[in-house]
Amino acid sequence: MHSYSTITVGTDGSSSSLKAVRSAASMARAYDAQLIIICAYYNSTGSLLNPPSSEYATLPVVSDTRAEEYLAEAGELAAEEGAENVRLIAKAGPPVQVLIESVREYETDLLVVGNKGVNSLSGRVFGNIPTGVARKANVDVMIVDTSEEADD
Numbered sequence: 001m002h003s004y005s006t007i008t009v010g011t012d013g014s015s016s017s018l019k020a021v022r023s024a025a026s027m028a029r030a031y032d033a034q035l036i037i038i039c040a041y042y043n044s045t046g047s048l049l050n051p052p053s054s055e056y057a058t059l060p061v062v063s064d065t066r067a068e069e070y071l072a073e074a075g076e077l078a079a080e081e082g083a084e085n086v087r088l089i090a091k092a093g094p095p096v097q098v099l100i101e102s103v104r105e106y107e108t109d110l111l112v113v114g115n116k117g118v119n120s121l122s123g124r125v126f127g128n129i130p131t132g133v134a135r136k137a138n139v140d141v142m143i144v145d146t147s148e149e150a151d152d
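Numbering (UniProt numbering), first residue to last: 1 to 152.
Rather than coming from a laboratory, the hints here were simulated on the basis of the structure. Even for Gly, the Cβ is constructed at its ideal location relative to N, Cα and C. Warning: the hint list may mix true and false statements.
Now the in silico label distances, taken between C-beta atoms and shown as ranges [to be verified]:
hint	residue 1	residue 2	range
1	Ser63	His2	35 to 45 Å
2	Glu69	Gly93	31 to 41 Å
3	His2	Glu69	32 to 42 Å
4	His2	Thr65	20 to 30 Å
5	Ala79	Arg135	11 to 21 Å
6	Thr65	Ser3	13 to 23 Å
7	Thr65	Ser15	30 to 40 Å
8	Ala134	Glu105	29 to 39 Å
9	Gly82	Arg135	26 to 36 Å
10	Tyr106	Arg29	10 to 20 Å
11	Asp140	Asn85	28 to 38 Å
12	Gln97	Ser14	35 to 45 Å
13	Ser63	Ser3	32 to 42 Å
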């Protein structure tokens, strides 16, 4: 049977991402895997003359302080799901880039994201995190259905 030893999940504090955290935490418990929860944040020290990338244009801006708050909430949810070995990490940068770099840095073998933006017009035009991660990751990617209907 295939097993995972390190599962990484991204969060931005949204209800969609927190559903993905719950799913990742449940899998971490089942596989007795380390769970890494990452929140990418925007480092506001960049030049105002540089236009935002399409990835930033479709996302709420998350500060480093907010990232820590979102991670604390996600960590609590992971504990509720029974994940025992949990690391909370805030990193500056575009979410797709941060998640892909984290796969290498933390030797992740499963990357989990919510499906927020997959079916939206802006997601199709500008791109979205789940699609970007699925294209660039060299590990298994699980895209969690986080739509309201998925709760039923």
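Hint check:
{"no.": "1", "hint": "Ser63 - His2: 35 to 45 Å", "verdict": "38 Å, holds"}
{"no.": "2", "hint": "Glu69 - Gly93: 31 to 41 Å", "verdict": "18 Å, violated"}
{"no.": "3", "hint": "His2 - Glu69: 32 to 42 Å", "verdict": "35 Å, holds"}
{"no.": "4", "hint": "His2 - Thr65: 20 to 30 Å", "verdict": "39 Å, violated"}
{"no.": "5", "hint": "Ala79 - Arg135: 11 to 21 Å", "verdict": "32 Å, violated"}
{"no.": "6", "hint": "Thr65 - Ser3: 13 to 23 Å", "verdict": "37 Å, violated"}
{"no.": "7", "hint": "Thr65 - Ser15: 30 to 40 Å", "verdict": "20 Å, violated"}
{"no.": "8", "hint": "Ala134 - Glu105: 29 to 39 Å", "verdict": "19 Å, violated"}
{"no.": "9", "hint": "Gly82 - Arg135: 26 to 36 Å", "verdict": "32 Å, holds"}
{"no.": "10", "hint": "Tyr106 - Arg29: 10 to 20 Å", "verdict": "18 Å, holds"}
{"no.": "11", "hint": "Asp140 - Asn85: 28 to 38 Å", "verdict": "19 Å, violated"}
{"no.": "12", "hint": "Gln97 - Ser14: 35 to 45 Å", "verdict": "19 Å, violated"}
{"no.": "13", "hint": "Ser63 - Ser3: 32 to 42 Å", "verdict": "37 Å, holds"}
In this structure, the hints that do not hold are numbers 2, 4, 5, 6, 7, 8, 11, 12, in rising order.
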